[in-house]
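Participant: Given chain A, put chain B in place with the hints provided.
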Amino acid sequence: MSTTTQNDVNFYQAKKGIMSWVYTIDHKRIGIMYLIASSLALFAGGAFALMIRAQLATPGGMLPMTPEYKDTYNMWFTLHGVIMVFLFIIPAIPAALGNFILPLMVGAKDVAFPKMNLASFYLYVIGAAIALYGIVGGESPLTTGWTFYLPYSKETAGAVITMTFAAFVLGFSSIFTGINFIVTIHKLRAPGMSWYKMPLLLWALYATSILQVLATPVLGITLLLLIAERTLQVGIFDPALGGDPVLFQHFFWFYSHPAVYIMILPGMGIISEVISCFSRKVIFGYKAIANSSIAIAVISFLVWGHHMFLSGQSVYAGLVFSFLTFLVAIPSAIKVFNWVATLHRGSITFETPMCYALSFLFLFTIGGLTGLPLATLSTDIVLHDTYYVVAHFHYVMFGGTVIAFFSGLHFYWPKMVGKMYNETVGKIACIIVFIGFNVTFFSQFFLGYTGMPRRYFTYDSSNELWSQMHGFSSIGAFILGFGVLILFANLIASLFSDRKAPNNPWGATTMDWETQSPPVLENFSEDVPVMKKAPYEYE
Amino acid sequence: MKLDNIFRYSEAASAHAKEVDSVGSLINWLSVVFFVLIIGLMLYFMIRYRRRSENEKTPHISHNLILEIAWSVIPLAIILVFFVRGYKTFINVMQPAPYAQSEDIYVTGSMWKWDFEYTNGGAVSSQDSVKLSPLKIAKAQRKALQKKSTPEQGDDQKIVALDKRITELESDPKFNNLSYFSKNQDLFSKDGKSILSPKVLTVPINTPIRLVVTSKDVLHSFAIPAMRVKRDAVPGQKREFMFTPIKEGVYYYTCNEMCGTDHAFMVGWMNVVSKEEYAKFKESIKPKEGGTPAEIGERLWERNCKSCHAIDPKAPKGIGPNWWNLWGSERTFTDGTKAIADHQYLSDSINDPAKQIVPGYAVPMPAQGLNEVQIKNLIEFIKTLSDKPSEEKSEEAAK
Chain A
1 MSTTTQNDVN
11 FYQAKKGIMS
21 WVYTIDHKRI
31 GIMYLIASSL
41 ALFAGGAFAL
51 MIRAQLATPG
61 GMLPMTPEYK
71 DTYNMWFTLH
81 GVIMVFLFII
91 PAIPAALGNF
101 ILPLMVGAKD
111 VAFPKMNLAS
121 FYLYVIGAAI
131 ALYGIVGGES
141 PLTTGWTFYL
151 PYSKETAGAV
161 ITMTFAAFVL
171 GFSSIFTGIN
181 FIVTIHKLRA
191 PGMSWYKMPL
201 LLWALYATSI
211 LQVLATPVLG
221 ITLLLLIAER
231 TLQVGIFDPA
241 LGGDPVLFQH
251 FFWFYSHPAV
261 YIMILPGMGI
271 ISEVISCFSR
281 KVIFGYKAIA
291 NSSIAIAVIS
301 FLVWGHHMFL
311 SGQSVYAGLV
321 FSFLTFLVAI
331 PSAIKVFNWV
341 ATLHRGSITF
351 ETPMCYALSF
361 LFLFTIGGLT
371 GLPLATLSTD
381 IVLHDTYYVV
391 AHFHYVMFGG
401 TVIAFFSGLH
411 FYWPKMVGKM
421 YNETVGKIAC
431 IIVFIGFNVT
441 FFSQFFLGYT
451 GMPRRYFTYD
461 SSNELWSQMH
471 GFSSIGAFIL
481 GFGVLILFAN
491 LIASLFSDRK
501 APNNPWGATT
511 MDWETQSPPV
521 LENFSEDVPV
531 MKKAPYEYE
Chain B
1 MKLDNIFRYS
11 EAASAHAKEV
21 DSVGSLINWL
31 SVVFFVLIIG
41 LMLYFMIRYR
51 RRSENEKTPH
61 ISHNLILEIA
71 WSVIPLAIIL
81 VFFVRGYKTF
91 INVMQPAPYA
101 QSEDIYVTGS
111 MWKWDFEYTN
121 GGAVSSQDSV
131 KLSPLKIAKA
141 QRKALQKKST
151 PEQGDDQKIV
161 ALDKRITELE
171 SDPKFNNLSY
181 FSKNQDLFSK
191 DGKSILSPKV
201 LTVPINTPIR
211 LVVTSKDVLH
221 SFAIPAMRVK
231 RDAVPGQKRE
241 FMFTPIKEGV
251 YYYTCNEMCG
261 TDHAFMVGWM
271 NVVSKEEYAK
281 FKESIKPKEG
291 GTPAEIGERL
301 WERNCKSCHA
311 IDPKAPKGIG
321 PNWWNLWGSE
331 RTFTDGTKAI
341 ADHQYLSDSI
351 NDPAKQIVPG
361 YAVPMPAQGL
371 NEVQIKNLIE
381 FIKTLSDKPS
391 EEKSEEAAK
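If you read the protein sequences in the order shown, they are chains A and B. All residue numbers for the first sequence refer to this note's numbering, where the first residue is 1 and numbers rise by one. All residue numbers for the second sequence refer to this note's numbering, where the first residue is 1 and numbers rise by one.
For the record, the hints were derived by calculation from the structure and aren't laboratory data.
Residues on chain A that point at chain B, a partial pick, calculated with CB under 8 Å:
{"id": "1", "residue": "E155"}
{"id": "2", "residue": "V282"}
{"id": "3", "residue": "A329"}
{"id": "4", "residue": "A333"}
{"id": "5", "residue": "S347"}
{"id": "6", "residue": "L361"}
{"id": "7", "residue": "I366"}
{"id": "8", "residue": "S378"}
C-beta: ideal position from N, C-alpha, C; glycine also.
Here chain A stands alone, though its shape is the one from the complex (with noise of 0.2 Å):
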């Protein structure tokens, strides 16, 4: 295989100092720098997330009920929301994860635009800070959601501006990403990899990629448009001032459907190498994984309006983003499926990054199912702005998503800091996040069902059902919290453990396990690697 061995220098100890991290080019300090920025806004937006369990524990809540403390709760949800959007969930997978293995994986020693990669970085830090200044900055609470919506966000006092502008420097930092992916993904993938040899990680982040160029640029031009009609009174969105407030929601939507698919298609290439590991089994359907993530990629962008089917929207456009949207479920549908069958005759083992993978199908699944009844149009009538859409994208951010980015974290923790940790712990989180998870969200199905309305900061305090289901659902989220804290807990311990990994802990085949643990600087040892058999082709 190749030739580094052990003793080679690590791109930790390569360089030292403050200053070699500030200015670094190397895409695995910036995967690294970006995986604990990313990590940080998950703790943020957990704490928001806790926060509204807490008040929404009982109908009475533990807020007082006036109106300072009701935009309290408002500002809660509004800024997990953002945090979590656009803080963690669209740069958690891409831009550390992938910004740690993409090159690695295509046997490349950079991305194709290594400065642009730290430009990314930095907008990101600039984009955080703004909106920590939006939170903490004195401004009237936001309290808006994360989706903006005017005229609400034109009239409200809330830091409207502050966040807007957060969320259009974000954007850049997303496009930068996406740009240097596509271009490293076509040019520097390793000899003998052609497009059907690469693993699919990078088939659902070049998807990604796409998506993040394509939409995001839409999301940016819409924020401005929004910051211009509150400073200019330009009149585009506003009915006072003849313009549409519909139409704001057409684009917010035609950038952030396709976001949804920015965030849940790495976590879908993730959960495709991991479960083709730790079956050691090649995996089943392997053209039709890589071509649905492409067909989700371009359907996605036509099915924005089924956030609108009860909007001004015309009923007949209604029918149209009905129909495209149970169209987009069935590429979807198909990865499960495939997933499941190369499970069939394999050869399974239940390590941590596993366990998080089976979590994911079964949560997964649960989403995905759950996601037909808001797009049949009668039902979704009665759905449409209730608990049960916060529970369904739920299933599908945490339970996809963000599973999926545990599993890889723990999947390419020893890769990334070459130390190994502690096995058993780790099941544990990952056993105890399953059942917080579903303790918490899957009380809020009952909720939607029978009628309770998003955004509300309390409850009818005589619905029994609604009490129980919010109590059920307030526990669980502490239980998923204490879950999440033992997971970075047990990752964090192994960094002062003297458990080194190998270069391939998991017996996996794709190019970036024959790295040394941590890679060396410029990756691999030799100057042009070559790929020397096709991924998943297990011995």
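Facilitator: Using the frame of chain A, we list chain B on its own:
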């Protein structure tokens, strides 16, 4: 929870609810089947194919075309059924036939209440029914029990229980302050009347109800879960939906689009009553006939003119001219001619809006189809919109 109730939504009380619930049930039960199949196989494979020795080899099964086609086409066929069944009901509810014999109610959301206007000009507001803190409810229930002409068995115990609850609520200021709707049928007497306020959104049973929804300020969304209806209230737009209540009772409605501080309190009750009860209700909210002509004119403005013509001196420039200080002012038109805004000018402008246009208001007003009396009342209302003291106004009117 009974198994066959799992997939019912909340209580169903409209004509199309059954179809909605049956599609919902179909989707959910098929989902359960698929979930059991997928996860069942997953669990079975996990156990059956767990690694038993480190040297295990796995077969190279890269794909299986027939299987892959099957699991693409079968789900596609199934979801097409969902799609077709779903959109049929949706269109019936959201795009009701234009001339359907229906009872129309105009719903206007504003921060943070719902206003309902009936075709006879009568109106009720969610605020009339919503400001019900649990404390108020308990007190009102107690009062209603005491006032009962024919006391029933068990009333005494109920009063004792209510007294206990009142004491509890009074000792907890947080709950005391919590004005919230409570799904409690006791709030209504047997003939369907609210024991707190008669001004509750009321609709007749077995009659198609067309709600025309709009908003005064930001987005809201009007939802009645038991009727299986919901639609966004968009400022500047009128959107409608139709449903036919088939069960008498009291059902809650909510706001489902984030609209600010008291979003969670934009809730209230809808009362479905018999047609006779409804006729009585409608009569009771009917605005007093007559009133002054100016008052009648104001209601007309509210319904027909408000979206384009402001009456507030500070309002921004609207689609049509502001009516403040309009009466008696000199108007200059696009063709350079001038006129005093008197009775003749105003009634001409209403009957033939394109005849004389004031610069800056290029969009001609659509014909309003008002009769002579209505126009007269409207002009009386316009006369009141002035800084000048009312004596002067009446003098000018006399001219």
